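So the protein sequences, as listed, match chains P and W.
Using our numbering, read the first sequence as starting at 2 and increasing by one per residue.
Using our numbering, read the second sequence as starting at 2 and increasing by one per residue.
Calculated directly from the structure, the hints in this document are not laboratory data.
Small disclaimer: the values here were computed from a predicted structure and weren't measured.
Note that CB positions come from ideal geometry on N, CA and C, so glycine has one too.
One thing to keep in mind: the hints can contain errors.
Unchecked claim - Examples of chain P residues toward chain W, derived with CB under 8 Å:
1) Gly-7
2) Leu-11
3) Tyr-30
4) Asp-75
5) Pro-92
6) Val-95
As the list claims (entries may be wrong) - Examples of chain W residues lying across from chain P (beta carbon under 10 Å, computed):
7) Pro-24
8) Arg-27
9) Val-29
10) Ala-34
11) Leu-35
12) Ala-79
13) Ser-86
14) Pro-115
15) Leu-116
16) Met-128
17) Val-129
To be verified - A few chain W positions that, by computed beta-carbon distances, are all more than 12 Å from chain P:
18) Asp-12
19) Gln-14
20) Leu-45
21) Val-62
22) Ala-71
23) Gly-91
24) Asp-98
25) Glu-101
26) Arg-104
27) Arg-135
Protein chains: 2
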Amino acid sequence: MFQTDGYRVLDRQECLRLLARAPVGRVVYTRQALPAVLPVNFRLDESACVLMCTSPASDLVRAVDGVVVAFEADEFDAATRSGWSVVVTGPASVVTDPAEHERLSRTGPGSWMPLRDGVFVRIESEMVTGRELRGAPGAR
Amino acid sequence: MFQTDGYRVLDRQECLRLLARAPVGRVVYTRQALPAVLPVNFRLDESACVLMCTSPASDLVRAVDGVVVAFEADEFDAATRSGWSVVVTGPASVVTDPAEHERLSRTGPGSWMPLRDGVFVRIESEMVTGRELRGAPGAR
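Looking at chain P on its own, in the form it has when it is part of the complex (with noise of 0.2 Å):
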């Protein structure tokens, strides 16, 4: 929450707030020693997991479960220099306990690509960091 040159720090209830309200967010992680990074659909569940939908036969699934990713939000407008942007950190784990499976199967997110017999991945929101940016016309 403290003001910075350019942007204001968002704290977790502004991030989680922003973050409910994205369609779109990009899940980080390593994928065989390098960088790598997925745009994927999403929503958040009731304890500020965040919960998405892929094939259970996907690289990510292989590449994230079990292990520490970042997730991140944004929106920005390119003619006022303005916008957010929110990174979550934390554990990935896929679903495997039936019940929570048949439950998200009923409420949980879609995937936005045809898919049979989707797996659920869930992100702890451990770390939640976030920025405003206001906009600075004066910049080149």
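Once you have looked at the hints, place chain W on chain P.
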């Protein structure tokens, strides 16, 4: 360029055309052994490298100079569940050549934040991948 279930793989030229029109992308790197991601405004240079301008004191500069990073841009429409994403992976380096720095100060990307004595970071587009999501109205 081949067709998969829910998306179309883009070739390098298509990726670079889309990147060239995106005002904001995200640098994906590792900071203190954790995955990190930071949205930045950027420009593609004539050799298809990603160029950005940032503070010489930033965490980003310290973390990415001489390191392979990923850089992602995308555009999605939640209503039609369609859009595209492009990822560039390659080594990042701070521009240290005075003549090149001077040239970029005149012609390169500015920063959206007010900066004094910004430095330019270049990411070589060694690997460029992308995909287009055509919309899957049947998916939940």
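Under the constraints set out in the numbered hints, which ones does this structure not fulfil? 2, 5, 6, 17, 22, 23 and 27
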